[in-house]
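Sequence order for the protein chains is A and B. Here full-length UniProt numbering is used: the first residue of the first sequence is 1, the next is one more, and so on. Here full-length UniProt numbering is used: the first residue of the second sequence is 1, the next is one more, and so on.
Please keep in mind that the hints were generated in silico from the structure rather than gathered at the bench. By construction, the Cβ of each residue, glycine as well, lies at the ideal position given by its N, Cα and C atoms. One thing to keep in mind: the hints can contain errors.
[Stated by the list, open to error] Between beta-carbon pairs, the in silico distance windows are:
hint: 1; chain 1: A; residue 1: ILE279; chain 2: B; residue 2: LEU114; range: 27 to 33 Å
hint: 2; chain 1: A; residue 1: ASP192; chain 2: B; residue 2: VAL39; range: 22 to 28 Å
hint: 3; chain 1: A; residue 1: ASP150; chain 2: B; residue 2: TYR174; range: 17 to 23 Å
hint: 4; chain 1: A; residue 1: TRP197; chain 2: B; residue 2: GLN247; range: 53 to 59 Å
hint: 5; chain 1: A; residue 1: LEU13; chain 2: B; residue 2: SER230; range: 34 to 40 Å
hint: 6; chain 1: A; residue 1: GLY84; chain 2: B; residue 2: VAL39; range: 51 to 57 Å
hint: 7; chain 1: B; residue 1: ASN54; chain 2: A; residue 2: PRO17; range: 55 to 61 Å
hint: 8; chain 1: B; residue 1: GLY246; chain 2: A; residue 2: ALA12; range: 46 to 52 Å
hint: 9; chain 1: A; residue 1: PRO206; chain 2: B; residue 2: GLN247; range: 36 to 42 Å
[What the hints assert, rightly or not] Only some residues are given here: those of chain A computed to face chain B with a beta carbon under 10 Å:
hint: 10; residue: ARG69
hint: 11; residue: PRO127
hint: 12; residue: GLY130
hint: 13; residue: PHE267
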Amino acid sequence: MNKVMSDKKVIALYVLPAFLLLMLLVYIPIVLTGYYGLMKWDGIGSMEFIGLENYRNLIVDSAFWRSARHSLLLAIFSVISLIGYLLVSLVLSGRIKGADLFRKVYLIPMLLSSVAIAQLWMRIYHPTNGVMNRLLTSIGIEQPPLWLADTNIVLYSIFIPIIWQYAGFYILIYYAALRNVPNELVESARIDGASPWQIGYKIKLPLIAGVIKVTIVLAVVGSLKYFDLIWVMTQGGPNGASEVIASYMYKQAFTTYNFGYGSAVGFFLLILCLIITYIIRKLTATKEEVQY
Amino acid sequence: MEKDHKPSSTEKPVLQKVAKLFLYTFLIVIAVVQVLPLVWLFLFSLKNNQEVFNLPPLALPQDPQWGNYARVWTEGNIGQYFFNSVYITASAVILTVIFASFVTFAITRMKWKLSSLVLGMFMVGLMIPVHSTLIPLFNFFLNVNLMDHPLAIILTYTAFNMPITIMILLGFYYTLPRDIEEAAIMDGCSVHRLFFQITLPMTAPVVATTAIINMIYNWNEYVFVNTFISSDKFKTLTVGIQNFIGQYQTDWGAIGATLMISILPILIAFFILSNRIVEGITAGSIKG
């Protein structure tokens with residue numbers, strides 16, 4: 001038995017195709033991104049080694065820091081909105097008939113492409129014919145906002161479809177975790193006279209702390225690399241008001257053909273995601289991991 | 001049945017009913033918010049511009065313009081994009097699920113020193129932002145003559161979806177009883193036969209789950225196609241509808257019909273397989 005199941009040739013045959021693809025298309029590229037970041041390169045001509053110049057420029061590039069600030073803002077919004085999703089899941093995990101159906105309906109937007117969602121919300125936000133402004137004018141507001149053209153609100157306008165898109169995803173995760181809380185605990189607390197609020201806050205929440213931690217990482221890292229929806233809706237505009245790290249990187253690389261500088265931005269994004277994942281995990285480390 | 005431990009209080013049941021009513025209203029309002037934009041989309045896909053602009057947003061179209069769909073399918077090249085999405089998605093799903101099953105089998109069933117290291121490398125792959133790989137991938141595909149070729153997209157999807165697929169498969173492989181497999185080996189069954197005739201069929205439910213999750217990811221993917229594909233004949237729907245809408249910016253009915261066509265396969269899959277989708281998304285996120 002052991003001999004058959006430790007046959008090196010078979011193992012290589014089973015693991016190598018996937019492993020080589022992973023190396024070739026994921027790991028080697030992230031190393032190369034760091035390397036290209038040391039080059040002056042337009043993507044077509046030859047590379048010129050310029051050391052850390054791209055990274056030095058990055059540090060003083062105010063347009064880049066503006067995009068980083070927007071990404072961070074999205075991350076903060078996303079983490080705050082987790083509280084709302086948690087609340088909905090707590091309600092759902094109580095004695096709610098049709099809880100299963102509710103969470104499925106909530107999930108629908110998440111399954112659609114960000115491109116389709118962006119296009120749909122561009123119509124919703126359309127200055128004159130969109131649902132939003134027709135509603136506002138019908139209740140007497142004469143100058144409804146230009147949702148995607150006003151530099152002061154565009155980032156918030158973009159965040160609404162993001163909530164709409166991801167709400168069902170987080171509710172689903174929280175709901176699944178809450179369903180795993182042992183029923184006896186909840187019942188005995190109820191018999192002891194605990195209110196539903198106390199049961200939720202004092203018993204259920206601590207028990208799903210591990211899952212909450214994971215969702216915080218998902219929300220922060222997901223926001224830092226957020227791209228599709230913003231790219232389709234505004235391309236980072238107007239005037240950089242909705243620029244985020246990923247859209248800034250994409251523009252540097254594929255609009256202005258600054259491949260070297262774009263690589264530096266991409267490498268920064270990678271390091272940022274890895275560091276933040278690590279920090280959040282350390283900060284929120286619990287003594288006893290609750291595994292589901 | 002409500003267990004009331006203070007039978008003296010008569011107000012409690014009434015209060016509880018009001019609270020329940022409030023909670024259900026809350027949940028239903030959220031459900032409406034999640035679905036209403038899509039209902040509105042469906043309605044305007046069947047209207048002409050005059051109706052879109054003059055009727056209330058949720059009014060039914062007076063004369064449903066099903067022609068919008070036929071028109072964008074042929075004139076807007078949407079049929080071509082749709083076909084590309086189907087075969088690129090399907091090829092990548094098949095490759096990913098088979099390769100990932102091989103890896104998961106080798107990691108959970110076979111004995112080798114590097115298995116936990118290799119598993120760790122696949123799992124770290126979950127955290128890599130796509131944008132940090134784009135420029136090197138662009139350069140690589142240019143150099144191997146795969147730029148503007150569907151194979152570049154299929155291979156990229158396969159590589160990037162491998163970690164999450166393995167993660168979902170792992171949970172199932174760990175819980176699967178091993179006695180049948182052990183007995184087969186005792187009887188002199190080869191590893192290949194064991195994998196293809198015993199293990200793979202036993203994991204059919206989770207393979208279906210990963211396949212549907214992969215299908216959704218691939219169908220919706222945008223950045224890779226937008227970066228590596230430039231010919232219309234290879235573009236998938238996500239990028240194709242971008243082009244199309246650019247040209248038909250003022251024709252709301254056509255835009256609506258295009259968007260409906262692009263989301264319909266996902267909606268149909270959802271109505272048939274919602275349990276599997278829910279299961280896959282849960283399994284693919286929590287352990288992360």
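Q: Mind listing which of the numbered hints don't hold for this structure, in increasing order?
A: 2, 3, 6, 9, 10 and 11
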